[in-house]
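Model the full assembly from the supplied sequences, consistent with the hints where possible.
Listed below are the residues making up each chain.
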Amino acid sequence: MQRIGVFVCWCGSNIAATVDVKAVAEALGKEPGVVFFEDYQYMCSEEGQNKIKNAIKDYALTGAVICSCSPRMHENTFRKAAAAAGINSFMVEIANIREQCSWIHKDKVSATEKAIVLGRAAIAKLHLNAPLTAGESPVVKRALVIGGGIAGIQTALDIADAGFEVDIVEKKPTIGGKMSQIDKTFPTLDCAACILTPKMVDVAQSEKIRIFAYSEVEAVKGFVGNFNVSIRKKARYVDEVKCTGCGLCTEKCPQKKVPNDFNLGLDQKRAIYIPFAQAVPKIATIDADYCTMLKTGKCGVCSKVCTAGAIDYKQKDTVLEEQYGAIVVATGFNPIELTKYDEFAYSQSPDVITSLEFERITNAAGPTGGTLLRPSDGTHPHKIVFVQCVGSREDGNGCGKTYCSKICCMYTAKHAMLTREKYPDTEVYVFYIDVRTPGKNFDEFYRRAVEEYGVHYIKGMVGKVSPENGKLMVRASDLIEGKQLLIDADLVVLAAAIEPDKSARPLATMLTASMDTNDFFTEAHPKLRPVESPTAGIFLSGCCQGPKDIPETVAQASACAAKVIGLLNKDKLTCNACVAHPDEMLCNGCSTCEKVCPYGAITYESKEFRMPDRTTRIRRVASVNPAVCQGCGACTVACPSGAMDLHGFSNRQIMAEVDAICK
Amino acid sequence: MQQVIRDKALSLLEAGKVDRVLAWKEGEFFYDQTPHVFKTAEEINRSLVYNGFSAANLSKYLVKETLKDGMIAVFLKPCDTYSFSQLLKEHRIPREKVWAVGIPCDGKLDIDRIRKAGLRGITSIREDGDRLSVSTIYGEKTVAKSDALAERCENCKSRKHIVYDELIGSEGEALDSGRFDAVEALEKMSPEERFAFWQKELSRCIRCNACRNACPACTCEKCVFDNPASGIESKAPASSFEEQNFHIIRAFHVVGRCTDCGECSRVCPQSIPLHLINRKFIKDINEFYGTYQAGENPDERAPLTNFDKDDMEPADAFRKGE
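Protein chains in written order, with numbering that gives the first Met the number 0: chain W, 0 to 662; chain D, 0 to 321.
Errors might be hidden in some of the hints.
[What the hints assert, rightly or not] When the alpha-carbon atoms are kept at most 27 Å apart in a straight line, the in silico DSSO-like pairs for lysine-lysine are as follows: (1) Lys221(D) to Lys594(W); (2) Lys170(W) to Lys308(D); (3) Lys24(D) to Lys594(W).
Source of the hints: derived by calculation from the structure; they are not laboratory data.
Rendered as structure tokens:
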């Protein structure tokens, strides 16, 4: 029989205002096995912890039930206190009477009743607790960064700078991400390439960083400190070692009609290409969908002109198996598809473009060499209408997003300002719901656009854009003047909402990392642990976690790196003590648990058994590697015979809790 | 066919290929056969039978029989090979100790159905193509075989043998059966009607455990219902309907592994249509995760112990049940 102490916390008024803590303590004091009970204002305080320690010693307690906040908050605090008083730390059970009781109920009588029931369940469970000891597992001192945009680059550079090896997996043929497509950056207007490409070169030159470009993560196994990752290197049909990046093949390739995705389809590239001049790694890639040689077997021009002999039409995808201690997700964002926004005529007129397309048109390395020209006829637009919040801040019933994409106000101000700066004869209108400029020097930047550059900011949304006689007729309302406007624009630029990259959802599944309804990765804590996923060993960098501008992304990327470095710096991690274990006499050897184990912790072995009928039998039974088991319990529910059980959360303990609640 | 099978059993035994033969033996009544392990030629010649009443799925008995030394031969009807394959997949039977002989089957007979057709005092039944000649104490009668088939054979899912070492007769194919029609009818009922249906059926349960003992998916080293530590063993029922818990728990324990062999309903002395519970699960799995038949593909991973990125979200499955 256990000797149990019950400690009821008031949590100031957080619990005590809704739950009669004294009544709870007294009621639980009458439960079998309870030899001591107490309530106190703050059990987590030094004084509160001392009360627990003293009671353990004075009353020779074998276990403690703490009725307090969620175990996510203070379970560790109380476990350490119990250990300090000389009992096993797993002899502590938390009854969550705050998040699961006082915070969600208003009526004191029923909340008190529920708190007693929750405490009773914890006592029933504690009666079946046994001391547990946690093992240790080593840490693989290498990190994986998934995504090679500015977030992934910055995280990788910082981790490498601390002396750890980092691999970057990028699905495109080059790292650089969205930032490499952007022309200028707000609020200082420095050229994006000028500040990004040195970092890309640093990555290429770092001895600690390997780049797996044109590659994708295919499978993730393992757990914090010991991830096993399969990386698929897609066939480029070019030998990465031999290719010098001279670009001759990209000039001679006769297949010229390949949409250039780097320029968002605004111009065309060859079937063998290097996305842009500063690409890292600078290796040519053959687009298998367009290459005549790969499709028909007749051409081979690139192979003939390549002096390095790097072209390899027979190249196949290869899958690498690598080990990592930590994984950083930096999968970034994309503008949403605008096909459902027909009112803006995006699919009807080439002169209705997205802001990212506008970046390419104004970029010196873009399809127009940096001259602002209309995609339809290559003339200068003299009247431009910018529409903000296209797909952002919608009511959730339409095709857009409910959230604010955060970056659009600033880049639209930038576009408007740069247009007026370079082409003063151009009239610029910006339609907005609100202008949001919280950020260092951001509001000043926006005001310059209005005050110095004379951009017409009009509060109101555009209702319809219709192409008429080479013009775009923009019908909109001015909410402040209270009138309808009709503008004959030459170019319409839509600030499309941004959304997480489509690869994020399947990746989250592979990583068992959680996501919100918008497919942004969720943080371990929205305020206090913003760069970690709730899944141990998975870290978040950049827009995969939420919309961000470049300064914020870089700051988060470095914060993320600091967390990774903190993990990789450890030689050993304390394992989970609540691991699965089979009752070998009940085990059928059916392998069901092995199949459902997401960590590969279960293997099977043939063992000799002395059976109850005094015969000897070789039986196939499950065996759990406690260093790998994370205690998720998937095997315990999948086991058909009930042979698999979890230390600390045994089937009997859970049934005892249910019985105590239903009593 | 009986003679072909006897000859096969004898030759396997005589050639020393196997030490024992698992087949059917006539029981107390001619329609009441029992699985039996034959060890001698004499025994085979005397009592090995195979006819319309050789219904028992023999695969399950291999779990215990293969613990013994030596090889055993077994005769498996197409649907029995599904169970055999599933048991191999679960490592319950060492493949190398079994010589599996696939045998043809054109449907097994249900004595209760023949009786329900109004025939009393039956002394023997002879199969004559698609007619049955029934000898009764009141004289000779005939009945169409299609009117005497067991439910599971009327809705036969497959005439294909999944695993075997040798085959008697030719290979059949999986059939397009109407086996889910009855489940659909249940699904169309209102919750109250459905509850009343199952209350009526399951209240007849006498908890004899025959369904569990015959089920080829129920081969646990120790059944939870026999395990004092499980906390659900030998509790006295408070009402006749309480045995629903036994059947619901049992259905959950075999879900994704049930090959729909129909043994549970066949052996039930109270004629409870237990197979409908399992079929509902099979139908749900088909609808949620794509068509899957346990036992059909020895290498395929069962949907409930597998995770696919395209898997239905639990919330969608829940909404479907609304």
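Hints versus structure:
The straight-line distance between the Cα atoms of lysine 221(D) and lysine 594(W) is roughly 21 Å, inside the 27 Å bound, and the hint therefore holds. About 19 Å separates the Cα atoms of lysine 170(W) and lysine 308(D), which keeps this hinted pair within 27 Å; it holds. Of the supplied pair hints, the one linking lysine 24(D) and lysine 594(W) is violated, its CA atoms being roughly 39 Å apart against a limit of 27 Å.
In terms of the numbered hints stated before, the structure departs from hint 3 and from no other.
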